[in-house]
Amino acid sequence: MTSLELPEVSSPHFSTQATYDGKLIRVHLAGNADLHAKDALESLLTRLHAEIQRLGASEVTVDLHDLEFMNSSCFKSFVSWISAVQDLNADKQYRIRFLSNPAMLWQRRSLHALKCFAIDLIQIEQ
Amino acid sequence: MHPQTALPDEFLARFRTVALERLERLEAGWLQLTQSGDEGNLAANMRRDLHTLKGDSRVVGFGDVNLLCHKLEDLLTLAQLRSYQVPEDFDLVVTMAIHFIAMLLRKRVGQTVGGIDLAGFVQQMDDVLREAQAQKPQPIRPPSRPPSVLASLRADRLSRRTRHYLAAAATTVWLEHAVASGRSRDRLRDVWLALTETLSVLDSEPLAPRLARHVHTARQLARDLGKQIDVALDADELTVHAEIADALDTALLHALRNAVDHGIEDPASRRAAGKPPAGQIRIRVRAGAERVELAIEDDGRGVDLVQVRRRAGEMRLLPPHGGELSEAGLLEILFQPGFSTKSRVSEVSGRGIGLDAARAALAAEGGTIELHSSAGRGTTVVLRAPHSGRHLPVHRFDATRGGLVLAAPAEWSVTLEGDSAAAGAGAGASASASAFDPVVLLLAPGTPSEAGGRAPITLRLSKGGRVVQVRAGGAPTPETAERLCATSDDHPAEVVSIAGVEALLLHPDVLPRKS
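So the protein lines, in turn, are chains A and B. Quick note: the first sequence uses this note's numbering, first residue 1, plus one each step. Quick note: the second sequence uses this note's numbering, first residue 1001, plus one each step.
Simulated from the structure, these hints should not be mistaken for lab results. Fair warning: there could be bad hints in the mix.
[To be verified] Below are the DSBU-like pairs computed for lysine-lysine, each with C-alpha atoms no more than 30 Å apart in a straight line:
| hint | chain 1 | residue 1 | chain 2 | residue 2 |
| --- | --- | --- | --- | --- |
| 1 | B | LYS1071 | A | LYS38 |
| 2 | A | LYS76 | B | LYS1463 |
| 3 | B | LYS1054 | A | LYS76 |
| 4 | B | LYS1054 | B | LYS1071 |
| 5 | A | LYS38 | A | LYS92 |
| 6 | B | LYS1107 | B | LYS1071 |
| 7 | B | LYS1071 | A | LYS76 |
| 8 | B | LYS1107 | A | LYS92 |
| 9 | B | LYS1107 | B | LYS1054 |
| 10 | B | LYS1107 | A | LYS38 |
| 11 | A | LYS23 | A | LYS76 |
| 12 | A | LYS92 | A | LYS23 |
| 13 | A | LYS38 | A | LYS23 |
| 14 | A | LYS76 | A | LYS38 |
| 15 | A | LYS92 | A | LYS76 |
Please build the complete structure, drawing on both the sequences and the hints.
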């Protein structure tokens, strides 16, 4: 099995963890994605995009269940990521499944708005 | 809506480039607003950017962009009401809306917009707006950085006398800096800049509170008169020089009072004329590059020119030989002091001190007032005033030393004294013994003046029988000066800017007269 080459972020307020079982890629975000996390998140998503293509995965799950807050700068990183997926040829595009936490009010509206950027590619689940 | 394909590619490319630049500014501005609040004209500039993008997108047929801009305007308006203390999802949706628009703009070039859920996104914007409207405003958080001293000064309007004292001090510092050298010169310049910035803030005032007050007063007046009005305020947010704010305030007061008292009919008369019972008054405020314009439009009965002609005849204001006045001429009579079409004086009007007072207030600050009227359809009063009220025509000339530029108000006539006319043309000449060197005089009164590298000439400034002689390093040229920190009339000078160059404007009235 080819392994996922994705560095983990581990800071007091924001952390990421990625797994790959040979079929599914899953990225778990936790803490506060604020201005301090912006560079790390941007770097993570850029690398994730490259890894998904390298591994030929058709779907990635982003688990936001433990992500307490994301500011607009970090959200922009997701918008850029989604744009990058849209810019791929149709046969290279992959789906993004967000696992949301209904207890986090900020996720409810903003994830649905995010889905509107690429309704064919994004799925929101609880 | 124009079909997009009908527009040249280069036109669309230009639109796209400019639109993306606007979005960049909007995003940066939104971030600043939510972090630091509104400072300066940031919010107003953003609204202009967004409104222009909205209009442009309609012209080029980007209906989806136009729709999102419109929704974004709604969100920004509410955010402003909440002092930009908005919920997190509100903040996120605004940011995403800006990116959504950018995505629509980018994808337009030969690409499908499939997969983009515009309706869904608009729904999210509507929902977040509705929820935010339903919520009570959050308590204002303390700003992330302490408010500047200047910001707190804005609330206090210093007396003109105090401002003049500060301006005189600033002028002295500028003069010291102008003749200093090395680090002292830099330090003095820093002090000068700090002082002028303070003065600029002290001299400025936002228009919005005044407009709101007038709208309230107009509604109250209408109620008192048994009339109904709807007042719409369509205003750019702007700050103007305090004296300009005063002038516009005076003019707006009279224009609105006239609209309610003379223009808008009572509900029964309006119904009879086929109009809705409530009169419509629209106040539109626009900031141009150099001037601010206020238009007050009403849909009332318009000016009764027959009545104006009759009253003008009674007041002997018509041409003496019975000549006919044009419509414009009759409207101009409304600006005559003491003129009123009302034969009885009421609490509201009839004394004939309305439009002439408005015109006088504006004229004192370099502004104008226009009146347009259409019988049965309404009246529009347009007030225009410079932003700063600080421009004035001058004679510009070089000082004899220090590379300084001097100026004198253009209301003073200036001639080259005696042989110095030849000096102005390049020949050498000695200065008149009775002339003074302004720089020497202002820095060290009583010090004998010294010519610099160039042979001085003497300028003779005269106005109304008063004559002042000034030594100068060159012949005068007509220019327009911007007053940077106006001193009082009894101060000998102030600093101005002429074509971007700082200069010392002399006040000849208080300079030594020709002996």
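Hint by hint, here is what the structure shows:
1. B:LYS1071 <-> A:LYS38: holds (28 Å)
2. A:LYS76 <-> B:LYS1463: violated (66 Å)
3. B:LYS1054 <-> A:LYS76: The given pair, whose Cα atoms are some 22 Å apart, holds under the 30 Å limit.
4. B:LYS1054 <-> B:LYS1071: With Cα atoms ~10 Å apart, B:LYS1054 and B:LYS1071 stay inside 30 Å; holds.
5. A:LYS38 <-> A:LYS92: holds (27 Å)
6. B:LYS1107 <-> B:LYS1071: Roughly 20 Å between the alpha carbons, so the hint for B:LYS1107 and B:LYS1071 holds.
7. B:LYS1071 <-> A:LYS76: holds (20 Å)
8. B:LYS1107 <-> A:LYS92: With a Cα-Cα distance of about 18 Å, the restraint between B:LYS1107 and A:LYS92 holds, given a limit of 30 Å.
9. B:LYS1107 <-> B:LYS1054: holds (18 Å)
10. B:LYS1107 <-> A:LYS38: holds (26 Å)
11. A:LYS23 <-> A:LYS76: holds (28 Å)
12. A:LYS92 <-> A:LYS23: Answer holds: A:LYS92 to A:LYS23 is near 16 Å, not above 30 Å.
13. A:LYS38 <-> A:LYS23: Status holds; Cα separation ~28 Å.
14. A:LYS76 <-> A:LYS38: holds (9 Å)
15. A:LYS92 <-> A:LYS76: holds (22 Å)
Checked against the numbered hints listed earlier, the structure breaks hint 2 alone; every other hint is satisfied.
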